[in-house]
Amino acid sequence: MSLRALPVGERALLVELADGAEAGAFHAELLRRRAAGTLPAVREIVPAACTVLLDGLDTPRRFAQELARWEIPPLARRDERVVEIPVRYDGPDLAEVAAVWKVAEEEVAAMHTAVEFRVAFCGFAPGFGYLTGLPERYAVPRRATPRTSVPAGSLGLAGPYTGVYPRSSPGGWRLIGRTERELWNPEREPAALLSPGTRVRFVAETGAE
Amino acid sequence: MSDRAVVVVRAGALTTVQDRGRPGHAHLGVPCSGALDLPAAALANRLVGNDPGAAVLETTLTGCALRPRRAVTVAVGGAHGPVRVDGRPAAWGAPVRVPAGALLDVGRAVSGVRGYVALAGGIAVAPVLGSRSTDLLSGLGPPPVTDGTVLPLGPPSGVPARTDGALPWPAPPGELVLRVRFGPRADWFTGEALRTFVSGGYRVAAAGNRIGLRTEGPALARARGEELPSEGMVLGAVQVPPDGRPVVFLADHPTTGGYPVIAVVDARDLPAAAQAPPGTPLRFVPLG
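Protein sequences appear in the order of chains B and W.
The first sequence begins at 1 in UniProt numbering and counts up by one.
The second sequence begins at 1 in UniProt numbering and counts up by one.
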């Protein structure tokens with residue numbers, strides 16, 4: 001695994017990795033070390049597509065040198081629980097997605113529920129997770145014109161990612177379904193149903209209420 | 001509701017509840033938020049005997065007017081402007097006793113942008129993830145106040161600070177100088193763009209908000225045209241969107257973003273950035 005630590009201002013490092021899988025493994029290693037008490041104090045650990053940001057470090061330079069010596073095991077999937085999200089696959093963009101995938105509309109649900117996803121990172125809105133797991137050949141482009149309002153609970157695809165809108169907002173993802181599960185509730189502990197590293201499976205709900 | 005509360009009579013252009021924000025949740029997509037001029041908010045709190053992190057009102061350019069239901073000590077700081085109690089001039093930057101039912105009017109800023117109104121006991125709206133701050137980007141915390149909003153106050157806890165008029169309220173800048181460190185994506189820009197960035201010629205744009213300070217001036221050309229995968233963003237990051245005009249990320253900034261960050265503003269200069277009105281000349285100065 002090759003990582004590159006870029007200084008971000010006086011107190012942060014952006015650690016760049018080869019791809020999302022390596023970023024996930026590095027993020028998991030950071031969390032392991034933090035739980036073990038061997039990570040220097042840091043305010044935020046923010047994973048993203050191919051990077052992990054560490055913000056609020058006292059001595060980022062020294063930490064960057066230390067990082068170069070780390071042994072980072074590949075991402076293990078053993079003991080974490082899997083969050084299951086029930087979905088009705090009846091989204092308005094089902095036909096477009098089926099066309100990109102070159103399958104019949106009815107097959108989209110079966111293909112999507114067959115995948116075990118992983119939350120690569122969050123952003124865009126509190127509790128919005130960017131889920132990876134779909135093979136690259138199933139990447140779908142965003143809508144040319146974003147919708148002005150996407151209902152909360154909408155399940156969408158964009159590029160290589162799958163995501164669920166935690167609340168109603170504008171958005172350009174291709175919507176294939178909808179869930180009743182609450183993705184985000186700041187009154188709840190934890191507030192976010194999905195956080196970086198969470199394993200996720202979608203389960204198709206039948207048409208009956 | 002108890003009478004330990006204030007009624008917002010005039011909300012002004014944008015008035016929000018702010019404390020020191022909710023750090024530690026960026027990985028869930030939650031911005032830090034908090035007062036844009038933290039030292040000013042802390043000083044106003046000190047003047048009324050509050051903890052420096054108590055929730056205050058942050059006003060924008062046009063102030064606000066409040067009517068407390070019972071007598072309360074307040075202090076107005078940050079942007080400089082007239083303060084009146086029932087029409088009579090009152091002190092700015094010092095504790096003021098406002099009787100029950102009297103009208104505290106914080107007028108339009110004469111200099112600076114963000115005013116801070118601290119009330120003894122602090123604003124006691126329910127915290128969300130440990131903070132009472134309004135987060136305009138993600139809608140956490142109380143919504144911006146409107147005419148008629150009633151805000152609960154906590155019990156006064158401390159003794160108002162004694163003042164001798166020599167408090168360190170910095171004057172708003174005639175020219176905004178933001179010290180920056182290059183990186184992490186400075187190499188995505190041409191050498192000429194890097195020189196342009198630090199050679200002056202920018203102004204604070206009118207379109208700024210709590211998410212970012214927008215700029216007017218020369219567009220910065222990219223050396224690399226491809227898309228940058230989304231990555232984590234820090235407070236003070238100078239992001240360059242496709243139009244080439246740098247945006248300085250402030251308290252409500254998104255926690256990840258997909259445009260390259262050319263540099264990061266030194267944290268010490270962010271309070272001044274919060275107080276620079278549109279049109280202020282702006283210079284980015286590299287730190288060694």
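Everything labelled a hint here was simulated from the structure, so no lab data went into it.
Worth double-checking, as some hints may not be accurate.
[To be verified] Partial list, computed: chain B residues near chain W (C-beta under 7 Å): (1) G37; (2) C50; (3) F128.
Being a predicted model, the structure only gives us computed values, none of them experimental.
All C-beta atoms, glycine included, are put in the ideal place defined by N, C-alpha and C.
Each hint tested on the structure:
no.: 1; hint: G37; verdict: violated, 17 Å
no.: 2; hint: C50; verdict: holds, 5 Å
no.: 3; hint: F128; verdict: holds, 6 Å
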